[in-house]
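Participant: Chain by chain, the residues:
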Amino acid sequence: MFRRITILGMYIVLAMAVLPQPAYAMHIAEGFLPFNWAAFWFVVVLPFWFWGLRSIQQTVKSNPGLKMLLGLAGAYAFVLSALKIPSVTGSCSHPTGVGLGAILFGPSAMSILGGIVLLFQALLLAHGGLSTLGANTFSMAVVGPFVSYGLYRLVRRLNGSMPVAVFLAATLGDLMTYITTSLQLALAFPAQPGGVLASMLKFMGIFAVTQIPLAISEGILTVIVFNLLATYNKNELLELSILDDNKALVVGGRNQQHIR
Amino acid sequence: MSTAQKNIFLLLIVFLLAAAPFFLHRSAEFAGADDQAEDTITQIRPDYEPWFKPVWEPPSGEVESFLFAAQAAIGSGIVCYFLGYSKGKKQREQK
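Residue numbers (the numbering used here), protein chains in the order written: chain A, 1 to 260; chain B, 1001 to 1095.
Isolated chain A (complex conformation) (with noise of 0.2 angstroms):
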């Protein structure tokens, strides 16, 4: 645990090293985000990767039939973030697909899952970016992954029903990934009248408010997979230690012995 709190601290250091000075989406696109800023989110992001690439060697070492179900959460991903849906803004915009993932694998794996989207989109479809690609996986692969993953046990703490939880962590994890784009570029484009905030409020304005009914319908499809997993997928469900038949502690799945 200590050794953890220092190797997290020693990056933060390192991740404000690279910080500019204070100057003045979907995704943020090539070439988008300052060098500085660029560089920055790359070193927040790594200490996820590394992080990710344990988890999901962890769980792949633990029960080798669960590849197919982190198989299916990061195809989840690469469906959803290909969509483009049209919202009641006007404009259109990608679910990102990761809360599935988060919720059935916790949020780490998710870094390296959305990472390889990602990468796909920004190599083949110029979406997104390279240069970006530190700060778009912080968004939507690890925040929104870890607002998802701690909404979805939180929910279920308060006993929430299994529908209820997995929909309300999907929606705001979705929406959670689009706010921090939002934070992202405001930092990098402080307005001149009103700084950080009053960018942050536009980049709003233009992602954040067109992802409300997309977040929604994400949080809906991530639904009806968990709707159809619990029914067919039920073995699998209980060694993530999701669900279990009484309610006592259930061990083994992951590192987490809770009930989740």
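Treat the hints loosely; a few may be bogus.
Unchecked claim - To be clear about the criterion: a stretch of chain A counts as covered by chain B if any three or more of its residues have a C-beta under 8 angstroms from a C-beta of chain B, and this derived list gives those stretches:
no., segment
1, 181-192
2, 226-234
To be verified - Listed below are the simulated DSSO-like cross-link pairs for lysine-lysine, each with C-alpha atoms no more than 27 angstroms apart in a straight line:
no., chain 1, residue 1, chain 2, residue 2
3, B, K1090, A, K234
4, B, K1006, A, K234
5, B, K1006, B, K1087
6, B, K1089, A, K67
7, A, K61, B, K1006
8, B, K1087, A, K234
What the hints assert, rightly or not - A short, non-exhaustive set of chain A residues, derived as facing chain B with CB atoms under 7 angstroms:
no., residue
9, F32
10, L72
11, G160
No lab work stands behind these hints, which were simulated from the structure alone.
For each residue, glycine too, the CB sits at the ideal point set by N, CA and C.
Fit chain B to the known structure of chain A by using the hints.
Facilitator: For chain B alone, kept in the frame of chain A given last:
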């Protein structure tokens, strides 16, 4: 309600959410939010030049549509294969 019925009902809601914008905004352009973000950045800092270009850009909107469709198809293929496989496995176990 069975699982299938619940899921179909939910899918209907998603479909309505996606279709509603076309009725609410008859003449809207439905540009991507990414482009709007680029415009806003230019507004805030007119002298900003992107310092990196995409390694490769799809040569046309058609090719881009193809790639998005391919991405969705591959992902859906994997998802649906897994779900079908799981359903088959369960039915076999129940026999």
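Participant: If a hint holds in the structure, say so; if it doesn't, say that too.
Facilitator: So, going through the hints one by one against the coordinates:
1. 181-192: holds (count 5)
2. 226-234: holds (count 6)
3. K1090/B - K234/A: holds (10 angstroms)
4. K1006/B - K234/A: Holds, because 18 angstroms separates the two Cα atoms, which is no more than 27 angstroms.
5. K1006/B - K1087/B: holds (17 angstroms)
6. K1089/B - K67/A: Cα-Cα ~16 angstroms, so holds.
7. K61/A - K1006/B: With Cα atoms ~35 angstroms apart, K61/A and K1006/B exceed 27 angstroms; violated.
8. K1087/B - K234/A: Satisfied, since the Cα-Cα distance of roughly 11 angstroms is no more than 27 angstroms.
9. F32: Since the shortest Cβ distance to chain B is 5 angstroms, the answer is holds.
10. L72: holds (5 angstroms)
11. G160: violated (17 angstroms)
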